[in-house]
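Enquirer: Take the sequences, apply the hints, and build the full model.
Chain order of the listed sequences is V and U. In this text, residue positions in the first sequence follow my numbering: the first is 1, and each later residue adds one. In this text, residue positions in the second sequence follow my numbering: the first is 1, and each later residue adds one.
If you're looking for bench data, these hints aren't it; they were derived computationally from the structure. The model shown is predicted, which means the values in this text are computed figures rather than measured ones. Virtual Cβ for every residue (Gly too), placed ideally from N, Cα, C. All clues given are correct.
Which chain V residues face chain U? A few, computed with CB under 7 angstroms, are given here:
1) Leu396
2) Thr400
3) Asp439
4) Leu440
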Amino acid sequence: MTEPSPPPTTDRTRAWIAAGLAALALTMSLLVLLFGRYEPGLRLAVSGDGLVVAEVLPFSPADRDGVRAGMRVININDRQLIRIPQYSYTDPPPDQPDASPTATLIGPSQPTAVPTSAEDLLQLASARIDRLDLATPDELANWSQESNCCWGVFYPGYSALSQASLALLPGLAILLLGIWFLDTGRGGESLRPIAVPAAAAAAMPLLVQPLRATAMPDLAILAGLLTVAAMIPLAHALAERIETARDRQLATIAIALLSVIGAISAILLVTSYGESGDMALRWASIGAIPLVPGIAAALPLNLGGLRAAGRSSRNLLRSTELALAGATPLFAILTNDTPYLWPIAGWFAAIAIAGRYTVRPLARLATRAQLQRDLVVAATEAERARVAADIHDDALQELTLLVRRLETAGDAEGAEMGRTIADRLRAICGDLRLPILDDLGVGPALDWLVLRIERLAGGEVRLERVDGTRPPADVELAIFRVAQEALANAVKHGRPPIVVRYRATDSGASLSIDDAGPGIAADAGATAEKGGHFGLLNMQQRAEQIGAILDIRRWPAGGTHVALEWRRR
Amino acid sequence: MTEPSEAAHPIRVAIVDDHPVLREGTAALLAAQPGLEMAGVAGTIEEATALVESTEVDVLLLDIRLGTDSGLRWLTPAGESTRPRPAVIVLTSYDYPQYAEAALRLGASGFVLKTAPIAELLDAIRRAAAGGLAFAVRPSAAASHVRLSERELDVVRLVVDGRSNDEIAARLGIGAKTVESHLRRLFERLDIASRTELATRALREGWLEVPPSS
Numbered sequence: 001m002t003e004p005s006p007p008p009t010t011d012r013t014r015a016w017i018a019a020g021l022a023a024l025a026l027t028m029s030l031l032v033l034l035f036g037r038y039e040p041g042l043r044l045a046v047s048g049d050g051l052v053v054a055e056v057l058p059f060s061p062a063d064r065d066g067v068r069a070g071m072r073v074i075n076i077n078d079r080q081l082i083r084i085p086q087y088s089y090t091d092p093p094p095d096q097p098d099a100s101p102t103a104t105l106i107g108p109s110q111p112t113a114v115p116t117s118a119e120d121l122l123q124l125a126s127a128r129i130d131r132l133d134l135a136t137p138d139e140l141a142n143w144s145q146e147s148n149c150c151w152g153v154f155y156p157g158y159s160a161l162s163q164a165s166l167a168l169l170p171g172l173a174i175l176l177l178g179i180w181f182l183d184t185g186r187g188g189e190s191l192r193p194i195a196v197p198a199a200a201a202a203a204m205p206l207l208v209q210p211l212r213a214t215a216m217p218d219l220a221i222l223a224g225l226l227t228v229a230a231m232i233p234l235a236h237a238l239a240e241r242i243e244t245a246r247d248r249q250l251a252t253i254a255i256a257l258l259s260v261i262g263a264i265s266a267i268l269l270v271t272s273y274g275e276s277g278d279m280a281l282r283w284a285s286i287g288a289i290p291l292v293p294g295i296a297a298a299l300p301l302n303l304g305g306l307r308a309a310g311r312s313s314r315n316l317l318r319s320t321e322l323a324l325a326g327a328t329p330l331f332a333i334l335t336n337d338t339p340y341l342w343p344i345a346g347w348f349a350a351i352a353i354a355g356r357y358t359v360r361p362l363a364r365l366a367t368r369a370q371l372q373r374d375l376v377v378a379a380t381e382a383e384r385a386r387v388a389a390d391i392h393d394d395a396l397q398e399l400t401l402l403v404r405r406l407e408t409a410g411d412a413e414g415a416e417m418g419r420t421i422a423d424r425l426r427a428i429c430g431d432l433r434l435p436i437l438d439d440l441g442v443g444p445a446l447d448w449l450v451l452r453i454e455r456l457a458g459g460e461v462r463l464e465r466v467d468g469t470r471p472p473a474d475v476e477l478a479i480f481r482v483a484q485e486a487l488a489n490a491v492k493h494g495r496p497p498i499v500v501r502y503r504a505t506d507s508g509a510s511l512s513i514d515d516a517g518p519g520i521a522a523d524a525g526a527t528a529e530k531g532g533h534f535g536l537l538n539m540q541q542r543a544e545q546i547g548a549i550l551d552i553r554r555w556p557a558g559g560t561h562v563a564l565e566w567r568r569r
Numbered sequence: 001m002t003e004p005s006e007a008a009h010p011i012r013v014a015i016v017d018d019h020p021v022l023r024e025g026t027a028a029l030l031a032a033q034p035g036l037e038m039a040g041v042a043g044t045i046e047e048a049t050a051l052v053e054s055t056e057v058d059v060l061l062l063d064i065r066l067g068t069d070s071g072l073r074w075l076t077p078a079g080e081s082t083r084p085r086p087a088v089i090v091l092t093s094y095d096y097p098q099y100a101e102a103a104l105r106l107g108a109s110g111f112v113l114k115t116a117p118i119a120e121l122l123d124a125i126r127r128a129a130a131g132g133l134a135f136a137v138r139p140s141a142a143a144s145h146v147r148l149s150e151r152e153l154d155v156v157r158l159v160v161d162g163r164s165n166d167e168i169a170a171r172l173g174i175g176a177k178t179v180e181s182h183l184r185r186l187f188e189r190l191d192i193a194s195r196t197e198l199a200t201r202a203l204r205e206g207w208l209e210v211p212p213s214s
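Expert: Right, dumping it as structure tokens:
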């Protein structure tokens with residue numbers, strides 16, 4: 001695993017926020033289902049011998065349907081309040097096919113109120129409205145044979161609200177099963193710490209369906225804003241898993257922008273009318289909030305040759321997991337009609353099938369290859385340490401004895417020869433496994449390395465180190481090997497001054513090596529691999545083994561920069 | 001500077017080394033020296049701790065590589081000891097300045113290579129027993145910008161040897177007050193708090209390595 005893992009406290013905070021948002025949405029939806037109702041958004045009042053539209057709520061379904069205050073009610077539900085002149089048409093006789101049909105007036109010649117008792121009118125004014133036929137006072141006053149009756153509006157929303165309750169089931173299932181599935185590592189190791197935000201973001205669009213189904217503008221806007229809010233913890237978690245600091249920053253800015261756009265969209269969805277394509281686009285903009293960092297975390301934005309060459313296939317799995325986590329909320333958003341299963345269920349099925357038959361087998365293969373590579377490195381290191389220990393513990397000690405004997409016997413020349421051989425053996429031991437590394441740590445080992453390299457480099461090699469604590473032994477060894485390889489490269493291909501920086505704290509360690517040479521070629525990783533030079537690959541592998549990030553790049557002004565970043569977890 | 005020990009009783013020496021033949025060889029060599037007495041030998045840090053607890057040891061010769069263990073661990077002890085801790089001379093195969101630096105930092109009195117002439121080891125033991133420092137390898141490679149006069153150098157050299165003000169005065173043929181004022185000025189100028197710190201810095205920064213003519 002080479003992803004930067006954020007501090008666990010951040011993950012925990014995000015989980016609480018996401019869980020809180022999901023709980024809020026669920027509670028509100030349940031309250032709406034229990035006590036709320038669908039609201040067409042208009043109020044009727046008794047006016048004279050009929051009913052009139054007294055008030056229309058802005059952005060309500062009535063407002064959208066063109067209902068305006070002052071309109072008179074002709075029919076309400078199945079009750080007629082105004083009789084409209086109606087005509088029956090008789091076909092012209094067969095011998096005169098061109099004659100116009102004869103119209104016969106049925107009922108009154110002008111719109112006429114149907115006598116209704118005052119109590120009935122009052123009752124009707126406050127009744128649940130399923131269907132209304134309306135006309136403006138103007139239309140009624142200037143009625144003619146050509147007038148069309150009437151402004152008919154139909155409110156099926158009562159059933160929509162009960163239907164929306166169906167969305168709570170898949171919503172709750174995604175939330176609870178999602179948390180369980182991801183938190184137990186079944187969705188991949190990289191998604192474990194972000195189980196709650198990922199599940200909450202995918203469940204939220206479904207959990208707020210009842211709020212939207214009330215058709216009340218404020219609740220509908222709240223539903224949209226809750227959806228946007230639920231995307232942010234996931235998006236933020238995904239952004240933190242982007243490899244380089246610069247891309248992380250870009251993604252954070254993108255999240256902020258998309259969240260603002262999403263919030264505006266959530267309001268516009270309710271307050272303006274557009275084509276259905278527009279509406280889909282606006283919802284999609286909410287889905288983009290986690291999608292963008294998800295994809296950015298999956299594919300590093302700078303696809304340099306080095307990265308591509310050294311990129312472990314284990315990361316394939318992680319990339320896929322992060323991208324899927326980022327994309328899932330979009331599918332949940334698109335699932336906005338009964339029975340609230342499509343396309344989200346199709347999406348999950350596709351993930352399951354693709355995972356079962358392609359991604360996981362591939363990743364398994366890759367993991368095995370990497371395991372073998374790691375074993376080779378571990379075996380080599382163990383062998384080197386063993387040979388070094390053998391030389392030190394036996395040959396060198398006995399040689400020391402010999403030097404003493406020769407000295408005691410007065411053979412100064414022989415003793416001196418013995419000392420020279422001892423020096424050589426010590427140097428061999430040091431090359432195999434530097435004892436300083438084990439006894440004193442990587443900081444002093446770098447001191448030694450830098451002094452030694454300086455003699456070869458023909459110029460300044462400087463070490464700046466701040467190391468109060470020591471990382472674990474395997475991490476120290478990997479850091480030291482990367483430094484050895486990078487310094488060897490710097491001497492071979494670069495120019496002094498070479499600067500080595502090492503810093504170890506309680507939270508991790510970082511190493512960087514900069515030289516003043518022409519800088520590494522962008523495709524150096526790929527060509528080195530083809531040419532059988534595995535130095536860069538070795539460094540990458542060492543870094544991966546300890547879960548560190550290795551960044552090799554050329555500064556714009558020239559000079560190669562090798563940086564290793566390891567975080568304690 | 002191989003002074004015979006001025007102490008009336010012999011210097012009691014212990015050896016910590018995981019290589020038995022070398023350990024015994026060194027012990028036999030030292031036991032034959034006048035003014036020295038072997039207090040015992042140990043193969044591990046635990047044995048060394050037990051040895052120091054059970055008998056009086058003035059100087060402990062400590063190997064760094066003890067199997068997979070590090071002898072430097074002995075210099076940073078965990079528990080309380082009832083006896084005064086002996087002066088430690090790190091006796092190692094490796095001439096890395098980083099080892100010498102660590103030894104000095106952790107409070108060792110000396111650093112001698114195993115392949116060094118026996119006279120060098122004896123000198124280091126006597127200096128350490130007298131409270132001085134003896135480093136065959138210069139600790140670390142930190143550059144020094146300190147400039148000292150001839151007389152100051154003489155004083156510092158004797159402080160490193162573990163001499164008292166009176167001894168320094170007698171050796172240099174000057175008054176004890178003058179030695180004191182030399183030291184006070186040095187402390188002030190170099191922001192040093194004690195004689196030990198003066199000796200440590202002198203070794204670490206290589207003050208005494210200037211050619212006598214300069």
